[in-house]
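Undergrad: The lines below spell out each chain.
4 protein chains.
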Amino acid sequence: MIVVMKPEATEEQINEVEEKLMDLGFSVHFSQGVDYTTLGAIGDKSGIDPRELEILNEGVAKVTEISEPYKLAGRDFHPRDSVIELGDVRIGGEQPVTMAGPCAIESEEQVEIIAKHVSAHGASVLRGGAFKPRTSPYSFQGLGEEGLKYMRKAADNHGLKMVTEVMGKTQVGLVSSYADILQIGARNMQNYNLLREVGKTNRPVLLKRGFSSTVEEFLMAAEYVMSEGNEEVILCERGIRTFSNETRFTLDLSVVPVIKDESHLPIIIDPSHSTGVRDKVIPMARAGIAAGADGMIVEVHHEPEKAKSDGPQSLRPGQFAELMDQVNRITETISNKPVVA
Amino acid sequence: MIVVMKPEATEEQINEVEEKLMDLGFSVHFSQGVDYTTLGAIGDKSGIDPRELEILNEGVAKVTEISEPYKLAGRDFHPRDSVIELGDVRIGGEQPVTMAGPCAIESEEQVEIIAKHVSAHGASVLRGGAFKPRTSPYSFQGLGEEGLKYMRKAADNHGLKMVTEVMGKTQVGLVSSYADILQIGARNMQNYNLLREVGKTNRPVLLKRGFSSTVEEFLMAAEYVMSEGNEEVILCERGIRTFSNETRFTLDLSVVPVIKDESHLPIIIDPSHSTGVRDKVIPMARAGIAAGADGMIVEVHHEPEKAKSDGPQSLRPGQFAELMDQVNRITETISNKPVVA
Amino acid sequence: MIVVMKPEATEEQINEVEEKLMDLGFSVHFSQGVDYTTLGAIGDKSGIDPRELEILNEGVAKVTEISEPYKLAGRDFHPRDSVIELGDVRIGGEQPVTMAGPCAIESEEQVEIIAKHVSAHGASVLRGGAFKPRTSPYSFQGLGEEGLKYMRKAADNHGLKMVTEVMGKTQVGLVSSYADILQIGARNMQNYNLLREVGKTNRPVLLKRGFSSTVEEFLMAAEYVMSEGNEEVILCERGIRTFSNETRFTLDLSVVPVIKDESHLPIIIDPSHSTGVRDKVIPMARAGIAAGADGMIVEVHHEPEKAKSDGPQSLRPGQFAELMDQVNRITETISNKPVVA
Amino acid sequence: MIVVMKPEATEEQINEVEEKLMDLGFSVHFSQGVDYTTLGAIGDKSGIDPRELEILNEGVAKVTEISEPYKLAGRDFHPRDSVIELGDVRIGGEQPVTMAGPCAIESEEQVEIIAKHVSAHGASVLRGGAFKPRTSPYSFQGLGEEGLKYMRKAADNHGLKMVTEVMGKTQVGLVSSYADILQIGARNMQNYNLLREVGKTNRPVLLKRGFSSTVEEFLMAAEYVMSEGNEEVILCERGIRTFSNETRFTLDLSVVPVIKDESHLPIIIDPSHSTGVRDKVIPMARAGIAAGADGMIVEVHHEPEKAKSDGPQSLRPGQFAELMDQVNRITETISNKPVVA
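Protein chains in written order, with the numbering used here: chain A, 274 to 614; chain B, 274 to 614; chain C, 274 to 614; chain D, 274 to 614.
Check each hint, because a few of them may be wrong.
The list treats identical chains as one, so a pair stands whether inside a single copy or across any two.
[Stated by the list, open to error] No farther apart than 20 angstroms at their CA atoms in a straight line, the calculated lysine to aspartate or glutamate pairs in the EDC-like style are these:
no. : residue 1 : residue 2
1   : LYS389    : ASP453
2   : LYS442    : GLU418
3   : LYS335    : GLU519
4   : LYS422    : GLU285
Since the hints were made in silico from the structure, they are not lab data. This one's a predicted model, so the numbers in the text were calculated from it and none came from an experiment.
Work out the full structure: start from the sequences and follow the hints.
TA: Shown next as structure tokens:
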């Protein structure tokens with residue numbers, strides 16, 4: 274932590290800051306500039322609230338933290354990229370990974386048809402919701418465990434891994450008994466009880482960015498999971514809330530190269546929830562891969578008009594096939610390496 | 274729902290919209306303007322996704338919903354203000370209510386000292402956290418049930434009601450056995466499992482606005498609670514996330530008169546979490562009451578330098594006393610009625 | 274400027290930063306922490322782009338600027354509050370100042386009626402637009418110089434000062450020959466040619482915050498005016514753009530105490546443009562004064578239904594009178610001093 | 274315009290709305306739903322402020338506009354894509370167009386070196402600033418007319434068209450005498466005097482989106498230019514301001530497909546100003562092209578460390594060459610047509 278004092282700060286005020294830093298267990302290093310005195314706090318302390326110093330007295334101009342608060346998720350002490358492996362599927366490796374499937378599991382037949390199609394066109398993970406968080410209490414809330422069963426079966430039939438959302442701490446055991454990857458939804462990104470609970474499992478966690486979360490908060494949510502021992506976290510950008518509301522959310526693709534700087538964890542993008550309508554999903558999916566994402570999670574439905582949730586943002590089967598073709602070629606462009614079919 | 278067709282929409286496209294609306298169970302009312310044809314969907318349906326129609330074909334220009342999705346929380350079918358009564362305390366009545374206390378319960382002595390002070394200066398509800406949601410997994414997480422016990426005792430000693438946060442579905446029973454009001458934190462505003470659970474209790478719920486939630490989402494979260502039978506919801510504005518980051522969050526006071534239009538539920542403000550530093554709490558508290566809020570929830574600590582969380586935003590005892598004095602006089606100004614001492 | 278190096282930074286990388294800082298004319302002060310090395314740049318340089326150092330090499334973790342870029346507008350070198358005097362009117366003094374009048378000057382009679390009313394109820398400055406910036410090229414664009422004449426006459430008739438917007442560099446001379454205060458609209462807050470031009474006049478400048486401007490950008494715009502020699506700048510918060518769109522803009526009242534910390538310039542609030550509808554203007558005006566603003570600028574019209582622009586946000590005469598009464602009493606509350614009638 | 278009345282609206286309130294609409298020159302079409310009555314206003318009126326009706330009386334629930342306010346910029350009455358031709362350069366055609374060059378023109382030699390390089394690697398338009406809008410009055414403000422001369426010469430030497438910013442109404446004549454395309458900067462997007470002035474020239478206009486402008490405001494700014502007779506407007510997304518501040522602005526790529534729906538005008542992207550640092554420019558440029566933009570405008574400098582402005586976001590020559598290579602291949606992917614070398 275570095276404390277900058279105002280030009281007119283008195284000696285008394287400077288001394289008070291020094292004493293406070295020493296009380297907190299730091300040693301203090303002074304630096305005298307032309308107008309400003311700065312005090313560097315030296316020591317490996319965490320959990321100090323910088324506002325304590327900002328408001329200590331009128332002489333303090335500003336306080337800057339030196340180190341990032343995410344120790345496990347950050348790249349500072351873990352410079353190499355993490356690759357999460359699930360059998361053949363490598364998330365964070367050279368090839369982007371596609372997770373695809375319906376918004377909600379609606380029936381055994383539905384998930385079977387969709388799984389077959391997305392597998393045939395290159396998806397490696399089946400997505401779908403059995404427990405659905407809905408803005409309205411009057412909307413379809415999912416099939417629950419029955420949905421998990423149908424999904425597991427369809428995934429196995431077509432050589433896919435399976436990712437599904439877990440909405441609360443008490444569901445973690447049940448969902449883990451079916452799914453390969455546990456998804457934390459955007460609205461639960463700071464549900465700390467839930468984060469800790471999935472951190473105790475041995476399942477990779479797909480952590481969606483809260484739609485109003487900073488990069489620091491996003492990585493701190495990953496830190497919660499990792500601090501319980503589970504280091505396999507896959508980040509997912511799914512759009513942020515801004516004043517620009519022509520699409521449901523604003524897909525913040527610049528976060529992809531930013532996260533690559535700050536963290537060793539893989540990051541994928543969700544063009545379905547961010548845009549909210551099918552014809553915007555394809556360009557934004559292409560854009561996300563072009564920006565360097567490690568994969569994407571997209572909604573696909575064979576009969577989107579009959580979907581029980583988010584039909585309008587689900588790709589039709591033909592659109593998904595075309596998207597996969599384009600994405601594979603963009604990947605090739607970026608990596609300058611031939612894409613494995 | 275009203276569907277507006279583009280000037281160049283074909284008869285075929287218009288017919289397709291008509292059929293879709295009839296399939297959804299509506300009867301259809303046509304209106305032909307100079308350039309635009311509109312189709313009014315008549316019928317009392319909920320849960321129709323307007324995007325279904327927006328993307329039905331190229332001829333659709335836009336879709337507008339007529340009714341608000343919140344039936345219980347909205348004012349349309351419940352024009353009179355709701356007043357929530359807890360013994361003598363009336364929330365949403367003529368006098369603003371003050372909830373005050375420490376950020377976290379730290380010891381029996383601490384909460385006793387603070388409860389005594391805030392009671393003496395006009396607070397009617399004691400606030401404080403026993404389970405603390407913290408951005409960092411390495412920060413103090415609260416005393417748990419022990420904290421609830423200390424808090425109950427201090428509240429009873431000083432004639433105060435008690436409000437405290439419940440962080441997860443499994444804590445609802447425990448917290449309800451101590452607290453008068455159950456608080457849902459901003460990060461849990463869309464934790465639907467939790468909302469349903471508190472909706473099954475007979476305790477009033479203090480629902481904090483998610484820091485990136487629209488008014489509609491805020492009222493839909495209240496709707497979740499109310500749809501389970503618990504109609505006693507107190508809304509709380511605690512700041513939204515914007516680009517303007519000189520304070521922690523931007524206290525959105527215009528939401529106070531907006532909510533008064535849209536809903537019959539009481540709304541209070543939280544100047545502590547929105548500003549994040551003590552010297553900004555007082556002006557924003559005054560501003561909130563001047564804007565017409567039904568009360569405020571503020572953090573107070575007798576030794577903020579030693580507080581285990583959010584010390585910098587906790588008022589000192591003397592500041593709280595001064596604030597209460599100013600707030601009482603502003604209330605008098607607005608209502609043109611004498612304030613009861 | 275302080276440069277923090279990553280834990281794994283090499284000696285070579287640290288040396289490169291040191292050399293760069295010395296090239297830029299700084300002397301360098303080292304500080305070695307447990308994990309991080311920091312380099313303090315000492316010297317009174319401005320205009321150095323911190324990104325130059327951030328991206329110098331992979332070893333740089335972050336760069337922090339010590340001093341604020343606003344020298345004239347900031348409080349660091351000008352601790353005392355500035356009060357701008359126009360005859361009897363003191364802006365930034367103990368009493369809040371009210372600027373009131375129609376959105377646009379529409380006729381000689383209109384501005385005369387309104388000026389008479391607002392003067393009778395305590396306004397000291399007449400507001401009104403002769404040149405109107407309108408979002409649509411098809412909307413009423415103002416009466417031009419004719420409007421300025423009517424306005425000047427009405428102001429003089431009722432002992433009011435006069436503020437009006439100047440939209441471009443070439444209008445500055447003309448508008449200065451009529452108005453007492455030159456208003457820079459929010460959309461022109463970063464029109465640097467215009468800022469320089471009003472900086473060359475001897476008229477106080479009412480500078481509206483751009484609806485997406487940070488506090489730093491706001492004060493830098495004031496700095497542009499002041500750097501030309503005109504130090505009489507009145508800041509005005511008029512709402513920022515956020516995702517929360519129930520009102521036209523989000524009135525960011527927390528900026529009032531923030532500006533009071535950062536700058537010696539007076540700040541007033543505009544509750545009319547921020548809310549956009551009359552019934553929200555009154556609570557937000559009260560809130561702004563309660564937050565400590567030095568005044569307000571509000572739209573008033575005797576026949577708002579017939580106004581050529583912004584009728585819906587103009588107060589009716591009776592509402593204005595009531596607002597003034599409430600505001601006077603809130604002022605008294607805050608200052609604990611009797612308000613002069 | 275459609276006015277929806279509340280369920281409890283009285284006949285008197287409904288009649289008042291009807292009369293108001295008729296006063297405004299509309300004919301009125303009633304529709305009676307289960308709970309809500311709606312009144313459709315029929316007639317081709319523009320410039321009616323919908324708030325007039327929203328606040329007319331307590332019975333009004335909401336007001337929706339049917340038609341978009343942009344008549345010339347919108348696609349409703351101009352369904353085919355506009356292509357802007359400058360000699361061989363076709364903006365909005367099948368191939369994306371690259372505009373590249375330094376942030377500011379610094380010397381004859383500098384712009385010559387850079388023009389040669391960007392031309393060799395496929396740029397067709399030279400960018401560069403002679404008049405620079407700078408946040409600080411103390412920063413380099415550009416070479417003025419001298420810069421325009423150097424730029425024109427370098428463009429001609431290398432078969433490039435030339436785009437440069439015009440900052441004020443009085444500069445339009447001068448800049449038009451050198452440049453092929455007139456750029457309106459983001460901070461001037463709502464400088465209506467300037468928009469009108471460039472609308473009177475016969476030069477295509479590159480209109481940058483204000484960093485806090487909605488799509489509607491963006492298209493209304495284009496409408497200002499077009500309403501003066503100049504229909505050659507090129508839109509440019511350059512990042513919006515959001516809470517997410519890891520990059521300078523958030524590049525809102527979803528606006529690309531949105532604009533393609535709403536307008537016939539071409540849209541390009543600016544990955545340099547949105548990200549602010551060179552290593553983020555390349556992924557975001559790729560992403561923009563993959564999202565379907567009609568081109569990009571990027572900053573390139575042969576010695577970015579010595580640049581007088583925005584050096585950190587300028588690509589090095591080798592990076593630009595590599596980017597052009599990747600972009601060409603992405604274009605091929607999307608269009609499924611071979612790219613002309």
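Undergrad: Can you give the numbers of the hints that this structure goes against, from lowest to highest?
TA: 4
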